[in-house]
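Visitor: What follows is each chain in one-letter form.
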Amino acid sequence: MAMEVTQLLINAQSIDGTVRKHAEESLKQFQEQNLAGFLLSLAGELANDEKPVDSRKLAGLVLKNALDAKEQHRKYELVQRWLALDMSTKSQIRAFLLKTLSAPVPDVRSTASQVIAKVAGIELPQKQWPELIVSLLSNIHQLPAHVKQATLETLGYLCEEVSPDVVEQEHVNKILTAVVQGMNAAEGNNDVRLAATRALYMALGFAQANFNNDMERDYIMRVVCEATLSPEVKIRQAAFECLVSIASTYYEKLAHYMQDIFNITAKAVREDDESVALQAIEFWSSICDEEIDILEEYGGEFAGDSDVPCFYFTKQALPGLVPLLLETLLKQEEDQDLDEGAWNIAMAGGTCLGLVARAVGDDIVPHVMPFIEEKISKPDWREREAATYAFGSILEGPSADKLMAIVNAALTFMLNALTNDPSNHVKDTTAWTLGRIFEFLHGSTIETPIITQANCQQIITVLIQSMNDAPNVAEKACGALYFLAQGYEDIGPNSPLTPFFQEIIQSLLAVAHREDATESRLRTAAYEALNEVVRCSTDETSTMVLQLVPVIMLELHNTLEGEKLSLDEREKQNELQGLLCGCLQVIIQKLGSEPTKSAFMQYADQMMGLFLRVFGCRSATAHEEAMLAIGALAYAAGPSFAKYMPEFYKYLEMGLQNFEEYQVCAVTVGVVGDICRALEDKILPYCDGIMTQLLKDLSSNQLHRSVKPPIFSCFGDIALAIGEDFDKYWRYSMPMLQSAAELSAHSSGADDEMTEYTNSLRNGILEAYSGIFQGFKNSPKTQLLIPFAPHILQFLDSIYMEKDMDEVVMKTAIGVLGDLADTLGSHVGGLIQQSVSSKEFLNECLSSEDHTIKEAAEWAKHAITRAISV
Amino acid sequence: MAPHEIRRPFKRRPISDQQKRRELSLLRQTQHRSDAQQRARNLASSVISLQSSSPDVDPEILSEAVPELDEGTESESSSFDVRQASRLRGPEARKWFARQLMLPEWMIDVPDNLSQDWYVLARPAGKRCFVVSSDGTTVSRVRNGSILHHFPSALPGGARKKGASGPANSYSILDCIFHESDQTYYVIDMVCWRGYSLYECTAEFRFFWMQSKLAETGACDPPSFYHKFRFSAVPFYNCDQSGLHSAYTGSLPYVKDGLLFYNKHAHYHTGNTPLVLIWKDESCSQYVIDTDNNGEVPNQQHIVLELQEEGKLVTSDDPPVPFSCLNADFVKESGLSSGSLIRFAIGDGGLKCVDGRFEKADLQYIGVSNRARAFADSYSKIMFQYMARHSPLKVEDLASTISHENQQDKPPEVDMSD
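Residue numbers (UniProt numbering), protein chains in the order written: chain A, 1 to 870; chain B, 1 to 418.
Derived by calculation from the structure, the hints in this document are not laboratory data. It should be emphasised that the depicted structure is a prediction, and the values quoted were computed from it without experimental measurement. Glycine included, every Cβ here is placed at the ideal spot set by N, Cα and C. Among the hints, erroneous ones may be present.
Keeping only pairs whose Cα atoms sit at most 27 Å apart, straight-line, the calculated DSS-like set for lysine-lysine is [unchecked claim]:
hint	chain 1	residue 1	chain 2	residue 2
1	A	K696	A	K781
2	B	K264	A	K854
3	B	K228	A	K597
4	A	K174	A	K99
5	A	K75	A	K696
6	B	K264	A	K839
7	B	K228	B	K127
8	B	K20	A	K597
9	A	K572	B	K20
What follows is a list of derived Cβ distance ranges for each label pair [to be verified]:
hint	chain 1	residue 1	chain 2	residue 2	range
10	B	P274	A	S706	55 to 65 Å
11	A	D490	B	L252	31 to 41 Å
12	B	P274	A	D806	44 to 54 Å
13	B	D397	A	E802	53 to 63 Å
14	A	E802	B	H269	40 to 50 Å
Pulled out of the complex, with its shape left as it was, chain A reads as follows (with noise of 0.2 Å):
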């Protein structure tokens, strides 16, 4: 059955384009036409140690690529044809995976090693290839190091690809032992030791159970510190990312190795090649991460029921760790700033900085002020722009009243700083210094302003100054500005801004157009600073931004006018298509409504044509942009909107047949909500072609699920929108509701993200549900709904007992029981005082802390006492 396909595989990678093609084509024919030749060929090659390499290691890949791949749908697919294969080819072709573990060439061993944990990856939750573990770590001690390093590597691979659930402890226990031996300094081999520790990096979401027992751990941890320690500098990065993954995935195990932790990371940090040192700057990052989470989510008190307390790390490393973290700052790059790729200690240190700040608050000012103080005049570039960086990172954590004074003192020189001084580096972390006074000092929250009367006109200058500068420092000046307007958000009738509002529209115009626009993300920062100035406008200024529509509709406009454009350039002009659309977006939301709404509509015509002839460019993010826009127009237009739905139509079809990018879908539906809500009754003409859209979303698996909840969420803006003329669509619309519910009703418990799903999904049903009883109310058609009743109370029911709803969902949930009591009236009252729903649950929301709930339970009460009475 195997074919000869040494040729084929050289000639795939054949320079020559034809001889390539034609090989490729005859590769996916023999794929095609057989399946299991085609893959047991592929095996037999790869085991061959007589075959050429580049044949072998490209066997090995296509091999991988028939089992995997990216894309759910197809990846679906692959693991159906492999299981639905015979098992003497299954069989013989993991002999030649097992077989290949000890061949002379590296490569061709690791990507035997690749593969083997993709088969386990399918097999070992059918149960199937029982086998595999064991004969892994068989006589793994007598193995030459070149077998062990690759069956290592397996074992590191196959935890990676395969969940622990599925793996029995005692064969956990076995690959832990194997991996930490491994890695003991004991091991001779520096291949092997590597291999292990890596694996180990992999293995460490299965030893929860070797966590838990102290002996265990402590060996565990020993080996890891140790391995810190080799000369061997790959093996060292590897445990410090070992130590990194411990910290986040066994944060409450760590209080008994913290002080040697400390020890090791500030030694990599001072000493260490840089690969290591980002590693070890890491794992406290790492720390600091957890712990931000475990106070936001208790407030800071040690709470009985916390899963997780906080032991306070941090604090405790404070004296070492901040003047470690301090000395890296000043070791920049020259021109980390206009890389936008750059990554270097200095950048980690600096995050780090900021990181430690947020999770210990006040503390940290003391020991980060002598290092500012005495650095931020030095002549040396790299002193004060590292006293610059230290003093941005610690703006956000520490109480306002904390840095107040020191940030009112700090003004004036960081705005002078910001004009004369010399090095662009510093320009740029000052630009981003003010940036982040603004963001976390500014605001309506803030008892005493840092911005005054006095120095607004001052800032205001130095950052359109700015705005001419360097494209690094002139967008870290846009970002300023956005946050200098936020801070302005609820500030009422009278904004600081608007005697410099118009200067600084046309600044940031200006800086949209400049040359340089597109690099470090200059034209991008111009534009989201222009959004939140526009959001943050009040009245007084409405007028100047009504001057501004027709200047972006022109921008917007020249865009789409069709000249010759390279990739690179038409890729920009898509780019810039999504900036104005935003905008616009921005615009229509902030002027939309009455007083100005009749004068900003006099461009809806003309702004909706440029829309739609944005979806005539292939550009996802420019459609998503358009799509959000046209929903705000929408919602401002009401019902005249309907004049543009004959030629919208086709768009908002396509929106949603857009499954690949899957935000537009999303945002479509978004939009289709709008539109109901504009039109109401208008919008049944286009109602068939929507549901029927809707519907296969639904059923296709290849939209992303997160899709899928706001589409159940449509079905009920459209009953709403149409009433009982949803009557059409309602028999092919409640079974999948209904199947969804059963889907819904009890989440997995998998782990957050799920429960989040599930929730999420249970929302959308019953927005459904309530849509269609409202829409349905004093209808004949509502008999239509009486006889899912039963079926939704029980949902109801279920979804109470299961105990994991969050508070949107209860909400919805209490207001679908008053919408199923108002609506069906009498004819339910006897099935909705058996449901647990109108007891306990309705009890519960009605004494809730959440006004939305309490309120939604007491419609439902009032509905129900009717449909009773009745």
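Put chain B on the given structure of chain A with help from the hints.
Guide: Okay, now just chain B, sitting in the frame of chain A:
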């Protein structure tokens, strides 16, 4: 294993403006969806019937000079909610709003179970009005439907201010008394809150809701730019001895004008209702006995009655209580027409009652009533005023009724056997 790299955002906001736009859109959509649902639900519960015999007539062309619409043929009633009603203009609007208040009867005898079933509160002195907040503004209308103030407030939907008080489309209706000296709206009842109708809720629930919800919005805060007048919920008590005492003698930030009694189980019933009662005496009100236009107490009691077909003179009660009759020639001669409100003085003959029911009155014609009035006097008001001049119902009477009730309620004493 692929090289492991952790790179964190550096000098960048964690959320892009695009993400922010996306989230704001979602938020807006969620809000509008929930508003739309809320609206659909309210059509069920807060529809208030606008009784109008000619829904097709443009309200604008109905001027004051046109004879009032015949109230006898209220057959066609169209359903209006407050949002639609707020689009009404002129007399139609006044007429509609005037009907939306629950009007207390005057206490002419003491109801049963005061201490169990009733609340008591001290009525603030001032203009009774109906405060509607919706679509970014707040309007107060006095009893005859005309506008008292048009202002921004912290009530839901009460000011054109984003974010602050919930969805833009939500509205609320409060039953208030505007107290001039401290420029405060004292809230005596809550009719709709955030679009949720309380018409069919008991007073017990409405009062609880009012006390808990009002403060949440900031409506009780001192005035500011977006909140021109302060609101304050009037304290209420169970009508037992101590509650009555607190309401009657307790010190309050406002000038009192009598006591209001609310039956705990009563829904908000528009128009006159015996389930809310007003009672006054000299020590808790400056205005026990009606004054004339000059603020002086006339020697004789004045009453206002409505002229109906065939010269019948009736009170504003539903059904109206006939008081007397005018001679058809006199009606013609004086240019009176059906629906006119006419002022009379009660002569020395007084009011004659048989078994507690009115039988006959000695009325002396004064003239057509002030045009600002929308209604005739109610039966209970005429009776209370009459009693106030002759044999008033005293606070001691109320107190003794309560203590009598309490004695009856007291469980018989039982000796413990062990």
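Visitor: Each of the hints needs a verdict: does it hold here or not?
Guide: Consistency of the hints with the structure:
1. At roughly 25 Å between alpha-carbon atoms, K696 of chain A and K781 of chain A fall within 27 Å of each other, so this suggested pair holds.
2. For the proposed pair K264 of chain B and K854 of chain A, the alpha carbon gap of about 21 Å is at most 27 Å, so the pair holds.
3. Proximity of K228 of chain B to K597 of chain A is assessed by CA-CA distance (about 25 Å); at most 27 Å being required, the pair is judged to hold.
4. A hinted pair counts as satisfied when its Cα atoms are at most 27 Å apart, and K174 of chain A with K99 of chain A qualifies at roughly 21 Å.
5. Note on K75 of chain A and K696 of chain A: the hinted pairing holds, with a Cα-Cα distance of about 21 Å set against a maximum of 27 Å.
6. Taken as a hint, the K264 of chain B and K839 of chain A pair is honoured in the structure, with Cα atoms around 24 Å apart against an allowance of 27 Å.
7. A threshold of 27 Å between alpha carbons decides the hint, and for K228 of chain B with K127 of chain B the separation of about 17 Å falls inside it, so the pair holds.
8. Taken as a hint, the K20 of chain B and K597 of chain A pair is honoured in the structure, with Cα atoms around 23 Å apart against an allowance of 27 Å.
9. A hinted pair counts as satisfied when its Cα atoms are at most 27 Å apart, and K572 of chain A with K20 of chain B qualifies at roughly 21 Å.
10. With their beta carbons about 59 Å apart, P274 of chain B and S706 of chain A fall inside the hinted range of 55 to 65 Å.
11. Taken as a hint, the range 31 to 41 Å holds for the pair D490 of chain A and L252 of chain B, whose Cβ atoms sit roughly 34 Å apart.
12. For the hinted restraint 44 to 54 Å between P274 of chain B and D806 of chain A, the CB-CB distance of approximately 47 Å keeps it satisfied.
13. Taking the beta carbon of each, D397 of chain B and E802 of chain A are about 59 Å apart, inside 53 to 63 Å as hinted.
14. Under the hint 40 to 50 Å, the C-beta atoms of E802 of chain A and H269 of chain B, about 43 Å apart, fit the expected range.
Violated hints for the displayed structure: none, as all numbered hints are satisfied.
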